[in-house]
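Just so we're aligned, residue 856 is where the sequence shown starts under this note's numbering, counting upward by one.
Derived from the structure by calculation, the hints contain no laboratory data. Ideal Cβ positions, reconstructed from N, Cα and C, are used throughout, including at glycine. Keep in mind that a hint or two might mislead.
[To be verified] Label-pair distances were calculated between CB atoms; the ranges are:
#, residue 1, residue 2, range
1, Gly894, Leu870, 33 to 41 angstroms
2, Gly859, Thr888, 20 to 28 angstroms
3, Asp886, Gly859, 13 to 21 angstroms
4, Met887, Gly859, 14 to 22 angstroms
5, Ala893, Gly871, 31 to 39 angstroms
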Amino acid sequence: MLEGDMWLLKEPVHLGILVDYLDRLLAAETDMTAENEAGTG
């Protein structure tokens, strides 16, 4: 885990914020996967 993400453990986080954070990570991974597939194709 990156040190920049440690605040998630130290501070009380509302579920909505955490879900949004995870959704952003998932979207970023999906975008990179789409770019890789497009690049190799």
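Mind listing which of the numbered hints don't hold for this structure, in increasing order? No hint contradicted; all consistent.
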